[in-house]
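Engineer: This is what each chain is made of:
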Amino acid sequence: MALLAHGGVGVRHCLGLGGRDLSAAVGGRSARQALTALAADAGTELVVVVSKPADPDVVSALERQAAELDLAVEWATLGPGRPDLTSAAERVIERLGGRTRLWPTWGPVQQRSPGLALRGLFCGGTLCDEAMLVAGELLGPIRSNIPLSPELALDVSGAGRWDAGSDHAMVDFGDDALTQGRAHPMIDPALRDERLAVEAADPRVGAILLDVVLGHGSHPDPAAELGPAIASALDGASRLGVVVSLTGTPADPQGFGRQAATLAEAGAQVHLSNAAAARAAALAVRSEELS
Amino acid sequence: VSALRGLLEGAPSRVVTVGVDLLAQALDDQAVTVDRVDWRPPLGGDAVAGALSAVMSDARRDAANRTALARLLGAGAELVDVVPASEALGLERGTFLHAGPPIAWDRASGPLRGALLGAMVLEGLAASPEQAETLLAAGAGITLDPCHHHHAVGPMAGVISPSMWGFVLRDPVHGGTAFCTLNEGLGKVLRYGAYGPEVIERLQWMARVLGPLLQQAVRRRVDGTGPVDIRSIVAQMLQMGDEGHNRNRAGTMMLVRELVPELLDLGAPSGDVADVVRFCNGNDHFFLNLVMPACKLALDAARDVPGSTMVVAMARNGTDFGIQVSGTGSQWFTAPANTPNGLFLGDFGPDDANPDIGDSAITEAGGIGGFAMAAAPAIVRFVGGEADDAIATTRRMYDITLGEHPAYQVPVLGFRGTPTGIDVTAVVRTGVLPMINTGMAGRVAGTGQVGAGLVSPPESCFTQALDALADRAR
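As you go down the protein sequences, you meet chains V and B in turn. The first sequence: position 57 = 57 (the numbering used here), numbered continuously. The second sequence: position 472 = 472 (the numbering used here), numbered continuously.
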């Protein structure tokens, strides 16, 4: 949505389906209702379905429903070998007559530390999935509490005491296991910010990737807390880079420009595109130069 | 029905929100009208879930609560006699009843200790408070027992000794009887833990003059036009700005109005009659000691209905708060009593107040007192807060009660019946605790009253009761 807004595409409705809706178990129940409702909405020209890795049969059924409804749909469902969300956004923007290939970034070029580990500390599960897919293509396996495949599972149940060693790892702090008895990290990122300090102090870690999601209902000023945490993480760390994926638009109440500036001034490289952020973080620790 | 109930056809005109305010605020910021619903997880968190579902699915519950509530609402209360406690309750010398759940001397609070000291002196069991303290600490020949175990209730310390006179009330519907002492007035009085010479002298006068004259007047009235209908006076006092716990001004005047003709007709010395009328009239809480046994009668009628989750007693001894529930017999569910918040007399302040004390929360269990605060907006000048708080308090109590009282009504709420019959499951599910209007006793024995205010029972009385109900659920 933030990418579409940047590309000049108006977003008329945004309907949350639930993170597991396109799984085989749930079968796209929310998506079916949403497609029906959007088909009846005269102002909607194009529907974009965004999802974590989806069940192919569920997607096929939804494609058939969209055809029956005569509804134009772009699929931005993540998966190995599938386009990332930024590519999907580019496709949508072009289809609607716009054009953008330059996604904004702020802040300094980061330290390259080839051979060290990448850590992703995420509030958003879908952004975490996308980052693992993008970075995984460049770095190989990435361990996670929401792993892309079971053998990559990382047990984070021992509050703050997990250690992925020199493996690459990405943690979704919005996962159920980490939100017991506390607010979602988009609202209360304290747990994630504490973990940032732990990872920054680990000499095996060469790059840290973070997401910040703005909007109504999110933390009123995330950069005010994350900025100083980043500055202190980078302070004296000669082999560490910090990359932030900032999802937001100028209409968000937090002040998009100010959030980006605060994070960049703290020393992070900030990207509007989550895929670009993941790519930048992965390249910072990748052993061989890109051919 | 349009897809997604028309959600895409325009911004909703109203949104109901539950839980953290952040999301409601996000809607406010976008100029959407938000109705915030005050919902919290059940008391006790996940630990009560099993007990709650066991009790809620008890097949007997609905019918049992209907039975218990019908008895509570249908009970009558008539003043039939005035006698000493020795006669009414068969109390022996050396036995002292007290407010609240059972307690021994070693855990007794300052005001309860003070009242027991005074009662020892009054009964001639000790020559001085100091000697009384030694005897009570030793415990030989002394029996302490809750008023509630004897169909009796006592305000504040609630100490009843054999020579104290009191009212006998009868429920003509269910046949029950209840007893309560005569109210001594405010300030330095035994029930607030004072035991000085003036306290003892007043009690002696009450036993010598007040009690016997009231006895003759009440008996004359019973023989003439019949017993005084206390339930009817309670119904009327709520229409006149009383709530029956901390404000009993209209009730007191109506009782005096009923008894003065009989007193005048007794042929007693006019000075004594004048003293009696002056004493009753001069104490705005005189009628409290009739409201309490009236409620006690109604709640006793509702006891022992298997499966019922209705509270039949709330009482405090100055150390513990205890509740009893219809479906769990005479078992007490106790926890350390809270200290009221409110207004203080003279130079007293919060540090001077003892934790909650007295059987008078029987009024709230019976659907009046704090539950009828909306009928008595002037009460806030005594217990603190604004008149709107009084109305809000009564409204909130409907969330935790099983019904509305047919006779006790609140004019400002369109003569709606007061919220009556506290449901343990409703308290646990909503987290709304009963609101009690209460007097505050001084923490130190001998101090007397230090203020008045509002207080709630500890949550765990209700979660413990729920566990016991779950054990018996079918």
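These are computed hints drawn from the structure, not numbers from a lab. Yeah, the Cβ is synthetic: ideal placement off N, Cα and C, and Gly gets one too. Treat the hints with care, since some could be wrong.
What the hints assert, rightly or not - Restraint ranges, calculated between C-beta atoms of paired labels, are given here:
#1 Ser-57(B) <-> Thr-179(V): 23 to 33 Å
#2 Gln-30(B) <-> Val-26(V): 26 to 36 Å
#3 Ala-63(B) <-> Pro-220(V): 47 to 57 Å
#4 Gly-6(B) <-> Glu-45(V): 56 to 66 Å
#5 Asp-38(B) <-> Pro-220(V): 14 to 24 Å
#6 Asp-35(B) <-> Val-26(V): 27 to 37 Å
#7 Ala-42(V) <-> Glu-386(B): 48 to 58 Å
#8 Met-1(V) <-> Pro-12(B): 17 to 27 Å
#9 Asp-62(B) <-> Glu-45(V): 47 to 57 Å
#10 Pro-220(V) <-> Ser-53(B): 31 to 41 Å
#11 Leu-102(V) <-> Pro-12(B): 33 to 43 Å
#12 Leu-69(V) <-> Pro-411(B): 22 to 32 Å
#13 Arg-258(V) <-> Glu-459(B): 37 to 47 Å
To be verified - Some chain B residues close to chain V (C-beta under 7 Å, calculated; not the full set):
#14 Ala-3
#15 Leu-8
#16 Ala-26
#17 Leu-43
#18 Leu-135
To be verified - Facing chain B, a subset of chain V residues (Cβ under 7 Å, in silico):
#19 Ala-40
#20 Asp-41
#21 Ala-42
#22 His-216
Engineer: Evaluate each hint against the coordinates.
Structural biologist: Hint-by-hint comparison with the structure:
Between Ser-57(B) and Thr-179(V) the beta carbon distance is about 30 Å. The supplied range of 23 to 33 Å therefore holds. Checked against the hint of 26 to 36 Å, the C-beta distance between Gln-30(B) and Val-26(V) comes to roughly 29 Å, which is consistent with it. Distance hint check: the CB atoms of Ala-63(B) and Pro-220(V) are about 52 Å apart, consistent with the given range 47 to 57 Å. Between Gly-6(B) and Glu-45(V) the beta carbon distance is about 21 Å. The supplied range of 56 to 66 Å is therefore violated.
Between Asp-38(B) and Pro-220(V) the beta carbons are some 23 Å apart, a value that agrees with the proposed interval 14 to 24 Å. A C-beta distance of roughly 30 Å is found between Asp-35(B) and Val-26(V), which places it inside the suggested range of 27 to 37 Å. A beta carbon spacing of about 52 Å between Ala-42(V) and Glu-386(B) agrees with the range 48 to 58 Å that was offered as a hint. At roughly 20 Å, the beta carbons of Met-1(V) and Pro-12(B) sit within the given window of 17 to 27 Å.
Take Asp-62(B) and Glu-45(V): their Cβ atoms lie about 55 Å apart, and the range 47 to 57 Å holds. Taken as a hint, the range 31 to 41 Å holds for the pair Pro-220(V) and Ser-53(B), whose Cβ atoms sit roughly 38 Å apart. In this structure, Leu-102(V) and Pro-12(B) meet the distance hint of 33 to 43 Å, their C-beta atoms being roughly 38 Å apart. Range check, Leu-69(V) to Pro-411(B): Cβ separation about 59 Å, and the 22 to 32 Å hint is violated.
Hint check: Arg-258(V) to Glu-459(B), Cβ distance near 44 Å, so the stated range 37 to 47 Å holds. Restraint check, Ala-3(B) versus chain V: the minimum CB separation of about 3 Å is within 7 Å; hint holds. With a cut of 7 Å, the hint placing Leu-8(B) at the interface with chain V holds, because the nearest CB-to-CB distance is about 5 Å. The beta carbon of Ala-26(B) is positioned within 7 Å of a beta carbon in chain V (closest approach about 4 Å), and the interface hint is therefore held.
With a cut of 7 Å, the hint placing Leu-43(B) at the interface with chain V is violated, because the nearest CB-to-CB distance is about 17 Å. Checking Leu-135(B) against chain V: minimum C-beta separation of about 53 Å lies over 7 Å; hint violated. Using the Cβ-Cβ criterion of 7 Å, the hint placing Ala-40(V) at the interface with chain B is satisfied: the shortest such distance is roughly 5 Å. Checking Asp-41(V) against chain B by beta carbon gives a least distance of about 5 Å; that is within 7 Å, so the hint holds.
Checking Ala-42(V) against chain B: minimum C-beta separation of about 10 Å lies over 7 Å; hint violated. Using the Cβ-Cβ criterion of 7 Å, the hint placing His-216(V) at the interface with chain B is satisfied: the shortest such distance is roughly 4 Å.
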